[in-house]
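A.B. asks: Chain by chain, the residues run as shown.
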Amino acid sequence: MMTLIGISPQLLFGQLLIGLINGVFYAMMSLGVAIIFGMLRIGNFVHGAQYMLGAFGAWYLLNLPELFPGLGLPSLNYWWALVLVPFAVGLIGAVMERLFIRKVYELEHAYGLLLTVGLAMLIEGLFNVRYGAAGQQYDIPASLTGGVNLGFMFMPYYRVWVIGAGILVCLATWYSIERTRLGAYLRAATENPDLVRAFGINVPRMLMLTYAFGVGLAGLAGVMAAPIYQVSPQMGQTIIITIFAVVVIGGMGSIAGAIFTGLMLGMVEGLTKVFWPQASTTVIFVIMVLVLVFRPAGLFGKETVAAHAADMSTARPHSILENGRLWMLVIAVGGTILPFFIYPVFGMKILCLALFACAYNLIFGYVGLLAFGHAAFYGSSAYVAAFTAASWGFPPELAILSGVAMATLLGMIFGWLAIRRQGLYFAMITLALAQLVYFYAIQSSWTHGEDGIQSVPRGYLFGFINLNEPLNMYFFVLAIFLFGFGAIYRIVRSPFGQVLKSIRENEPRAISLGYSTDRFKLIAFTLSAMLAGLAGGTKAIVFQIASLADLYFMTSADALLMTLIGGVGTLLGPIVGAIIVVTIQTELATLGSWVVVVQGAAFVLCVLFLRKGVVGTLEDWLAARAERERLAAGGDAPVIETNSH
Amino acid sequence: MSAATLLSVRGLRGWYGESQALHDMAFDIGRGEVVTLLGRNGAGKSTTLRAIMGLLRKRSGEVSFQGENLIARMPEHIARRGIAYCPEERGIFSSLTVEENLLLPPVIAQGGMALEDIYELFPNIAERRKSQGTKLSGGEQQMLAIGRILRTGATLLLLDEPTEGLAPVIVQQIGVVIRKLKERGFTLLLVEQNVRFAARLADRHYVVEHGKVIDRLEAADVAGGLERIQNYLKV
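Chains as they are written, first to last, in this note's numbering: chain A, 1 to 645; chain B, 1 to 235.
In short, the hints are calculated from the structure, not lab data.
Cβ atoms here follow ideal geometry from the backbone N, Cα and C, with glycine treated the same way.
Treat each hint with caution, since some may be false.
Unchecked claim - Chain B stretches covered by chain A per the calculated footprint, using a threshold of three residues with CB under 8 Å from any CB of chain A:
(1) 25 to 33
(2) 67 to 76
(3) 81 to 92
Turn these sequences into a full structure, and let the hints guide you.
C.D. replies: Put into structure tokens, the structure is as follows:
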């Protein structure tokens, strides 16, 4: 048999076929994400979970007799699933739109992403509780078993079917959007929903149906994927990040572009598996980086969205809760007493995560950029600190500094790439870049893959303070936290910080005043990464471990959750959020996999009912009380201070 | 209210956020009439149209169309009652071709114009039916925006500054069209700043300032009252 530069055709075509199959799923999924994003302006993070629901739906139908033994239900095969499940999943989507997603249309984009992240955690968490990590087997339908030998390779019938049916569904979707009257309504409503309503079209219902359709597409992809991949609660979690990268690469505004990009990237991934297997998990993210550098709007995209940062800050500048000098003192005193009442380890965990959340708040709260990849800075610093301390014998202070240097460097690079795009894209890009780091850590040898770097020595601080003494360690961490907290307070109060806030409130105006806002954003992003690195490096020394969990996107979600619960853009919010989240995680640790469910529910509830966070709400209440007292004392007519825009 | 009244607006108030833009607007339009709202920039003319159409979220008062109060209705319901709206910025969709733009608003009642009749009314856009909607010139886009709402069978057309920014020859053409529409039995509510243009077309004028009607002129009074109107409008 002929070989091509040392590669057998079987391997080449085999991987190309697998790549094409993956590409079909990427195309179907990114099509749904792109339609939903275009129409509803929602970055549908729950798309992966809906895909997983599709696969489980097929599995449920097949196992109806076993699942409900008393009812005498028949087992419904693959073809039934192919028809019923997309409808059912679409219906679930319609209900989700009605109950949750509709509530955030009028709000900043960030809330839509947060809400769908929460829903994804909730759904996937629940399935994880029920089914664990193990996958369920779903056999290829009898009529599609076997295959045909093409001479140069064996072609299973089921794969032919998936490729054919998948591409057909994509083309039909393309046709109905680009060529039919219904599609014209969709396109018009994407541009100007109010005017389309004024023509007598029920746009809210159309939005619901669009969401249901996109979700149904994910459900269909799930059914088709069930016989190929294992049906497991985690199956949607990783694909959604890849899908976001595909959407960034393809760019918005072109349905055909989404389909083509999906198919092409699947094939590229397959080819990479042949020529450089280690890179196959990261190649899509690398392509995303290249596209961002050379064609920021995406391969088929038309950049139309104006520069716009999300002002979600809930702080009242004159509130007593925003007085950094006072609270620095309070935290210093409180922090000193604390270890005599609670376990120092618990305190240190709160301090590390609070610093992480404060660092995240710097970019999210004060600059209004929805970063969603801070795990990369936290985790990479943890790994470098752990490695230098464990393998090179660095003292703890130097190990942490090495980690911070790494995080700063990454922050500069990621920031430079990500600030080319705005809003939801910024979130998707930072998420994808962080995933790149995650995959690197899985495969690299110095990171020890799944094990992580364990038994990191705490060592002697400055050569003579033994950090193995819990209280020594604790006060070192407290000092680091106070340093970070003070640094952030200084930054946001400085003239530089004022410019950051002006970017958050009105970027075009800041530009028109002559500020190079991109440079300010980049510096702020780098500072935020640096401080997140400080938190991560410290954490590695305290807990003597750096693991994949530090780099996983859930860590980024944690930073977001802490900031949101506490109060976005407030001084104390991230700290309060960290206390709440760490307490929940610790209290629920015995419940194991329920933690994710509770966190997901916390996300959803926060977005729906506590958008101002604990500290933001408290500041409002204090301001209202002060106003009442002033009026009761016979003060002048109220000075209305609105926080709305 | 006479039996021929098609639209009757009473005590209409509207807000953008906290700031009130409309203060007790009140006026009537009879069936088959052409009525204009005149006034300076920011007087509340366009806001009035948006409030009638339901696009202004915060509003109160009474917008009675064929005897039914539409104040609490959603835009899609108001459109279905027979009111069509042509916005100031024209709202041509760039992702749709000219013909798709024309065919977009659904037919809500019988009696609308046929596509051929619309093309006959606007020969320029007939030639460009396959072009992308926003590739047309400003005047052609305006004609497309007007043509788009003639098919649906709506009886009342709300036109927001149809002559804004257009060359005089195009303005004339639009004047001809409006006259033809009146002959066909459409009722029109025009927002205008171009008094000369409006004076030749309308049966009645309402002068709007600070969100309310401050004067009213019948077509017959206009010849003598032109100066009076100019006084209202001069900056």
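A.B. asks: Next step is simple, just say for each hint if it's right about the structure.
C.D. replies: Results for each hint:
Given a C-beta distance limit of less than 8 Å, the hint that chain A covers the stretch 25 to 33 of chain B is violated, as 0 residues qualify and 3 are needed. Figure legend: the stretch 67 to 76 of chain B, annotated as covered by chain A; annotation consistent (3 residues with Cβ-Cβ distances under 8 Å, at least 3 required). Coverage of the stretch 81 to 92 of chain B by chain A holds in this model, with 4 residues showing a Cβ closer than 8 Å to a Cβ of that chain against a need of three.
The earlier numbered hint that this structure contradicts is number 1, and it is the only one.
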